[in-house]
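**Student:** The chain contents come next:
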Amino acid sequence: MGIEEHLGHNVLTTTLEKLVDWGRKNSLWPATFGLACCAIEMICTAANRWDIARFGMEAFRASPRQADVIIIAGTVVKKMMPAIQRVYDQMSEPKWVIAMGACATSGGIFDSYAVVQGIDKYLPVDVYVPGCPPRPEGLLYGILKLHEQILRDPFLTQRYKEGLQARREVAA
Amino acid sequence: MNKAVALLQEKFPEEVVEVVEFRGDTAIEVKPDRLVSICAALKDGHDTGFKYLSMIAGMDYSPASPRFGVVYNLYSHKHHDRITLKTRLADDLAPVIDSVAKVWSTANWHEREIYDMMGIRFNGHPDLRRILMPADWAGYPQRKDYPLRGQ
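Sequence lines, in order, name chains A and B.
The numbering of the first sequence is this note's numbering, which starts it at 1 and goes up by one.
The numbering of the second sequence is this note's numbering, which starts it at 173 and goes up by one.
None of these hints come from the bench; they were simulated from the model.
Note that the structure is predicted; figures quoted are calculated from it, not measured.
Possibly wrong hints are sitting among the right ones.
[Claimed, not checked] Quick list of the computed label-pair ranges, beta carbon to beta carbon:
1) A/A47 x B/Y233: 31 to 37 Å
2) A/M80 x B/P235: 55 to 61 Å
3) A/A62 x B/R321: 47 to 53 Å
4) B/V268 x A/R135: 38 to 44 Å
5) B/R206 x A/A62: 50 to 56 Å
6) B/A266 x A/A53: 56 to 62 Å
Glycine included, every Cβ here is placed at the ideal spot set by N, Cα and C.
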């Protein structure tokens, strides 16, 4: 009755890279990290109506060491930035960053001394999700875009570390 | 007349600068020098009993001089009465006033916030350091001459 019946006793061939990327894409574990109203939408995305478990992401990890992706969900104030940087640094490679909402993307309406004007000043962002806050559908669309990107990633490179290093050199 | 005004005019006649009554609310401006004694008297007086300090606000009246002020909002549960106590600080460059943290312990964090945002120092405060901004922050963000986007 299962898929075995349709496949029969056949052999499927693929590259190791495709297999690894497919595995990574379907088991992205997000770090539990909410900052503001976007976090409420992120929590909704995890709840039953939108059900982030469909994408293998239901395991929100309280430890960054077990997480693959960090969703920056909300306004980042400058006092919070060292904590976020630390959480990000503690995540093991490969790792991805989603900037959720206007604040994480650009500072949003908070054009102020206290707010980081876009998380991409500090972290290499892979996907930006616009909205204030984005609805769960928006976040899921961003996650699907990240999936597409992961499928294109060569899996043995240090792309993220190099990208971060380049950004630091530009900033310095 | 408000009981608090009567008390201050009896005990501290030299300190009261101005009394404003507006639609049932009383605001008293006093000189800052004997502020702690005034607050203690308002808190412990039998007819006043302002045991509760609702809020302290730091004020920047720039470009007026004296530039800085501190405003205390007091509440008396006993008499269901509110007053606003205002002071203006003499020094425009290094504003300083006595801490009332010994009178109302809630003043501790309120005064830290005003120090953090306005740069007004509080003499005798037990732990005067920044409360909202990072500890190494330069400048006082709520001052009127502070740029909105930071320095």
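**Student:** Work down the list of hints and note, for each, if the structure agrees.
**Tutor:** Here's how the hints hold up against the structure:
At roughly 50 Å, the beta carbons of A/A47 and B/Y233 sit outside the given window of 31 to 37 Å. Taking 55 to 61 Å as the suggested C-beta distance range, the pair A/M80 and B/P235 does not conform, at roughly 34 Å. With their beta carbons about 35 Å apart, A/A62 and B/R321 fall outside the hinted range of 47 to 53 Å. A hinted range of 38 to 44 Å for the beta carbons of B/V268 and A/R135 is inconsistent with their spacing of about 51 Å.
Roughly 54 Å separates the CB atoms of B/R206 and A/A62, a value that falls within the hinted 50 to 56 Å. For the hinted restraint 56 to 62 Å between B/A266 and A/A53, the CB-CB distance of approximately 59 Å keeps it satisfied.
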